[in-house]
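Participant: So you can see what is in the structure, the chains are spelled out below.
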Amino acid sequence: MSDVFETASPLAVAGSSSMRRRPQLTVIIGAVLVIALAIIALAAPLIAPFDPNAIDIMQRLEGSSAMHWLGTDHLGRDMLSRLIYGARVSLGAVAVIIVLILALGITIGGIAGFIGGRVDQWIMRGCDAFLTFPTFVLAMFMVGVLGTGMANVVIAIALSHWAWYARLIRGLVLSMRERDYVAAARVAGASRLTIFREHLLPGVLAQLMILATLDIGHMILHLAGLSFLGLGVAPPTAEWGVMINDAREFIWTQPGLMVWPGMMIFVTVMAFNLLGDALRDRLDPTQAEQGH
Amino acid sequence: MLRFIVGRLLLIPPLMLIVSVVVFLLLRLGRGDPALDYLRLSQIPPTDSAVAEAHALLGLDRPVPEQYLHWLWQSLHLDFGTSFVTGRPVLDEILHYLPATLQLGGVALLLTLFIGVPLGIWSAHHRDRIPDYLVRTLSFIGVSVPNFWLGFLLVLCFSVWLNWLPPLGRGGVAHMVMPALAISAMTTAINARLLRASMLEVAGQRHVLYARLRGVSEVQITRRHVLRNALLPIVTATGMYVGELIGGTFVIESIFGWPGVGRFAVIAIYERDFPVLQCFTLVMTLIFVLCNLLVDILYAWLDPRIRYAHVERDVETTASREGAA
Numbered sequence: 001m002s003d004v005f006e007t008a009s010p011l012a013v014a015g016s017s018s019m020r021r022r023p024q025l026t027v028i029i030g031a032v033l034v035i036a037l038a039i040i041a042l043a044a045p046l047i048a049p050f051d052p053n054a055i056d057i058m059q060r061l062e063g064s065s066a067m068h069w070l071g072t073d074h075l076g077r078d079m080l081s082r083l084i085y086g087a088r089v090s091l092g093a094v095a096v097i098i099v100l101i102l103a104l105g106i107t108i109g110g111i112a113g114f115i116g117g118r119v120d121q122w123i124m125r126g127c128d129a130f131l132t133f134p135t136f137v138l139a140m141f142m143v144g145v146l147g148t149g150m151a152n153v154v155i156a157i158a159l160s161h162w163a164w165y166a167r168l169i170r171g172l173v174l175s176m177r178e179r180d181y182v183a184a185a186r187v188a189g190a191s192r193l194t195i196f197r198e199h200l201l202p203g204v205l206a207q208l209m210i211l212a213t214l215d216i217g218h219m220i221l222h223l224a225g226l227s228f229l230g231l232g233v234a235p236p237t238a239e240w241g242v243m244i245n246d247a248r249e250f251i252w253t254q255p256g257l258m259v260w261p262g263m264m265i266f267v268t269v270m271a272f273n274l275l276g277d278a279l280r281d282r283l284d285p286t287q288a289e290q291g292h
Numbered sequence: 293m294l295r296f297i298v299g300r301l302l303l304i305p306p307l308m309l310i311v312s313v314v315v316f317l318l319l320r321l322g323r324g325d326p327a328l329d330y331l332r333l334s335q336i337p338p339t340d341s342a343v344a345e346a347h348a349l350l351g352l353d354r355p356v357p358e359q360y361l362h363w364l365w366q367s368l369h370l371d372f373g374t375s376f377v378t379g380r381p382v383l384d385e386i387l388h389y390l391p392a393t394l395q396l397g398g399v400a401l402l403l404t405l406f407i408g409v410p411l412g413i414w415s416a417h418h419r420d421r422i423p424d425y426l427v428r429t430l431s432f433i434g435v436s437v438p439n440f441w442l443g444f445l446l447v448l449c450f451s452v453w454l455n456w457l458p459p460l461g462r463g464g465v466a467h468m469v470m471p472a473l474a475i476s477a478m479t480t481a482i483n484a485r486l487l488r489a490s491m492l493e494v495a496g497q498r499h500v501l502y503a504r505l506r507g508v509s510e511v512q513i514t515r516r517h518v519l520r521n522a523l524l525p526i527v528t529a530t531g532m533y534v535g536e537l538i539g540g541t542f543v544i545e546s547i548f549g550w551p552g553v554g555r556f557a558v559i560a561i562y563e564r565d566f567p568v569l570q571c572f573t574l575v576m577t578l579i580f581v582l583c584n585l586l587v588d589i590l591y592a593w594l595d596p597r598i599r600y601a602h603v604e605r606d607v608e609t610t611a612s613r614e615g616a617a
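So the protein sequences, as listed, match chains A and B. Sequential numbering of the first sequence, starting at 1, is according to my numbering. Sequential numbering of the second sequence, starting at 293, is according to my numbering.
These aren't lab readings, by the way, just hints derived from the structure by calculation. Accuracy of the hints is not assured; some may be wrong.
A few chain B positions that, by computed beta-carbon distances, are all more than 10 Å from chain A [what the hints assert, rightly or not]: (1) L301; (2) P357; (3) L364; (4) L370; (5) L405; (6) L454; (7) A466; (8) L523.
One-sided excerpt, in silico: chain A residues whose CB lies under 10 Å from chain B [as the list claims (entries may be wrong)]: (9) V145; (10) L159; (11) A224; (12) N245; (13) W252.
Since the structure is predicted, the reported quantities are computational estimates derived from the model, not experimental observations. Think of the CB as a built atom: it goes at the ideal place given N, C-alpha and C, for glycine as much as any other residue.
Same shape as in the complex, but just chain A (with noise of 0.2 Å):
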C-alpha cells in the first residue's frame, strides 16, 4: 500500500497535508504585526513625528527627507504621522464593530437557540433576510439610512455582517443545549441567564473569536472602501482609505501618496487573515485551508 503512496503523483498522498499544521512562522508573524499595529494605534501621539492634521501650505507635496520622513501630502501634512494615526482610527472602529457584533450576536443568537420554538423561528426569518443581501450593498444602504460619517459606517458594517454571528451562535447553543452538564445545572436550580452565561458562552466564545479574526480583514476592507468611496470619515480625519482618495489627483506625480496608506491596510488585513488562518487550523482541523 505504502509504495502506491510513494511512486504516485502529488496528489496520492494528499490529506495529509491538507490535515497538517501550518509552519509556526506565519502565526508568528501575524500575532507580531496585529501587536505592533495596535501599540502604533495606542501610542500613535508618542510615536508620531508631528500632528497629522497640521497643515503646511509652504511644504506641500515633497518628497522623503531627514524631516519628514515619508514625505508630506497635497496640504503639507506629513505622511508618517498621518499613517501612524490612521491605525487609531482604523482599528478603534473595528473594536467598535466587533463588539457590537459579539453583543447582537450573542443577544439575539441566544435568544433564538436558548428559547426555540416560535420565537426562534421568527428570529432566523429575520437573520435570513439580512443574509439574503449582498453584504456590501446592505453596508451602503445602511449608511443611506443613517447618513454618512464614520459613527454610521461603523454602525452599518456590524448591521451587515451580525445575521452571521447571530446564526452560527445559535446553532451552537442548540447542540449543546441538551448535553448532560447544561441539564444537570438545571436540575441543580441554576437559572436561565446562568446556564446560558455560565455553561453555553463558554463554548460558544472560541468558535466566535475564530470567525471574528477570519472576519476582521474584510471588515477592515469594508471600512476603507466606503471611507474610499467619500461615505466615512470626514476630512481632515486621517484614514487610510480616505487619504488614497485623496491621492487619487496626484497619482501622476506623486505616486508614494497613494501606495503608503494602501500598504498599511494591506499589512492590516493580512496580519489578521494570518492570525485567524492559524487559529482555524489549530482549533478546528477539519476546516484547515477552506477558503472563507
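Based on these hints, arrange chain B on the given structure of chain A.
Facilitator: Only chain B this time, still in chain A's reference frame:
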C-alpha cells in the same frame, strides 16, 4: 429536476417580500424626514405648508403599514417613484446604468473562474513545491489587498509608467482589463485556495486510489476522478463570489470612471435620495438572489446526490401520502 427548479423559484417571492419589509422599515424608522430631503433637492424652501404638501405628495401622512402596502403595490407594477435629484423614474435610471455594471461584474466573474481554477489545479498538482508556494502566496496577497488600491497600482503601472492601457472610461477590451482584474483579485484568490484544498481532499479518497491501482493514467485520474468531484465546492462558492464582486464593482467604478450603478448609488446616499436607495438595494439583492438560484440549479444538475435525494424525498412523501390514504 423540474420540481427542484420550481421549488427553488417558489422560495424567492417570500424571501424578497421579507427583504422589501426590511428595506422599507429601516428607511422609514432610521432617518430624518424624507420630505425635507425632497424639498431640499427640489430647491423648495421648507416652509410649513411646503412640508405638509410634500408629506401628502410622498404619502408620508398615512400610517406606515398603509404606506408599505401602497409602495409594494407600486413596486410590483415596476413603479419605484421618481428620483429626488433628477426627477426621473428611478427604475429607468438604474436600468440605464445597470448594463455597464453587469458587464464589468460578469467579466470579473469569468476572470475569477478562468484564472482561479487553473491556478488551483496547478497548485494542487505541485503540492509543497515551488508552483504551490507561488500560488498560495499570491492567493494570500489576493485576499488581503484592498481592491481600490490594487486598481490604483494597476493604473500607476500600466497607464502612468508603461502607457499601455487607458486609465479611465468604458470602451473596448483595453478599458476593461484593469477594473476587472482589480475587482476579481480577491475572489480569484479564494477560488484558487478552495480548489487546491478540494482537489487534495478528493485525491485522498478511495476511488482515486483504486483508479490508480487499476492502472488508469495520471491525466485521466486528475481529469475524470479528481477534478470533476473537486469542482463541486467551486460551484457553491460562485454564489458567494457574486456578492463579493457586486460590492467590489461599486468601489472600482469610481476609480475608472465606469458609468455604472455604483456611482449613481453613491450620489444617492450622499444626497439622501431615498427612492433611488430603495430601488438600488432591491434590484441588487434580486440579482444576487437570482445568481444564487442559478448556482443551486447548476449544483443539483452536476451532483446526482442532490438531484436524486430530492426525487427520493418526493417519492417517499407521495408514497407515504398514498399509504395514509
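Participant: Each of the hints needs a verdict: does it hold here or not?
Facilitator: Hints versus structure:
no., hint, in the structure
1, L301, "holds, 15 Å"
2, P357, "holds, 18 Å"
3, L364, "holds, 15 Å"
4, L370, "holds, 20 Å"
5, L405, "holds, 14 Å"
6, L454, "holds, 13 Å"
7, A466, "holds, 19 Å"
8, L523, "holds, 14 Å"
9, V145, "holds, 4 Å"
10, L159, "holds, 9 Å"
11, A224, "holds, 5 Å"
12, N245, "holds, 8 Å"
13, W252, "holds, 6 Å"
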